[in-house]
Amino acid sequence: MKRLAILGASGHGKVVAEVALSAGWASVDFYDDAWPGKRRSGKWVISGDTSAFLKDPGRFDGAAVAIGNNAIRMKVIWQLQAAGIELATLVHPSAMISDSARLGAGAVAMAGAVVNADAVVGAGVILNTLCSVDHDCVLGDGVHISPGAHLAGDVRVGEQSWVGIGVSIRQGVTVGRLVTIGAGAAVVCDIADNLTVAGVPAKELIR
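Position 40 of the sequence shown, counted from 1, bears residue number 872 in our numbering, the numbering being contiguous throughout.
FYI, nobody ran anything at the bench for these hints, they're computed from the structure. Even for Gly, the Cβ is constructed at its ideal location relative to N, Cα and C. Careful: at least some of the hints might be erroneous.
[As the list claims (entries may be wrong)] Once the Cα atoms are required to be at most 27 Å apart in a straight line, the calculated DSS-like pairs of lysine-lysine come out as:
id: 1; residue 1: K887; residue 2: K870
id: 2; residue 1: K887; residue 2: K846
id: 3; residue 1: K834; residue 2: K887
id: 4; residue 1: K834; residue 2: K846
id: 5; residue 1: K875; residue 2: K846
id: 6; residue 1: K870; residue 2: K834
id: 7; residue 1: K875; residue 2: K887
id: 8; residue 1: K875; residue 2: K834
id: 9; residue 1: K907; residue 2: K870
id: 10; residue 1: K887; residue 2: K907
id: 11; residue 1: K907; residue 2: K846
id: 12; residue 1: K907; residue 2: K834
id: 13; residue 1: K846; residue 2: K870
[To be verified] Listed next, with one range per pair, are the computed distances between beta-carbon atoms:
id: 14; residue 1: A1030; residue 2: A884; range: 35 to 45 Å
id: 15; residue 1: K907; residue 2: S879; range: 14 to 24 Å
id: 16; residue 1: K834; residue 2: A943; range: 16 to 26 Å
id: 17; residue 1: A943; residue 2: T1006; range: 20 to 30 Å
id: 18; residue 1: G900; residue 2: A1030; range: 17 to 27 Å
id: 19; residue 1: L1037; residue 2: A937; range: 25 to 35 Å
id: 20; residue 1: G1004; residue 2: R891; range: 18 to 28 Å
id: 21; residue 1: D888; residue 2: R1002; range: 40 to 50 Å
id: 22; residue 1: G900; residue 2: V1032; range: 16 to 26 Å
id: 23; residue 1: D950; residue 2: C1021; range: 22 to 32 Å
id: 24; residue 1: K834; residue 2: V1020; range: 42 to 52 Å
id: 25; residue 1: G1004; residue 2: S879; range: 39 to 49 Å
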């Protein structure tokens, strides 16, 4: 592992960069479509936008998409996959990933994340700081499990759903696609696609 391109230079991108460096990547280069208006992300210089990266991706040994918005992150991941670019799967050294768990291309496990036996984590999933995903869970592509969220065993989470900070999900629950679960919610029953829920117990928010 040598040189990594990171697409997305927000605060989330800075965390992904530190995960990559902690995991053994020698260096990271940032690209962001806000360039040239935005030229730095903390201590890092932004080298250009996505099109600049795509002009010469062979300079890198892998790429990571560090965009918090699930839909946009997956759109960029699909663009890179279509171009034949290898997506890095990044795991912080303090994360605990079972040998029998599977992490998809472009997934990232932040500091203190736990993934237990036979869990399946899809492409582009964010496993944020100190979250836990227990045995036999299945997370679809583009899911974001926020800091301190906990999934009991056999939980299913559909594509591009967002599990908010501090959420708890009961064993065996199925969460649909494109669901948003508000901070601190306790999910005790199945949630259908495209809903926003919050509270203890979690209930649909009527807009």
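### Task
Would you pick out the hints that fail for this structure and give their numbers low to high?
The structure breaks only hint 20.
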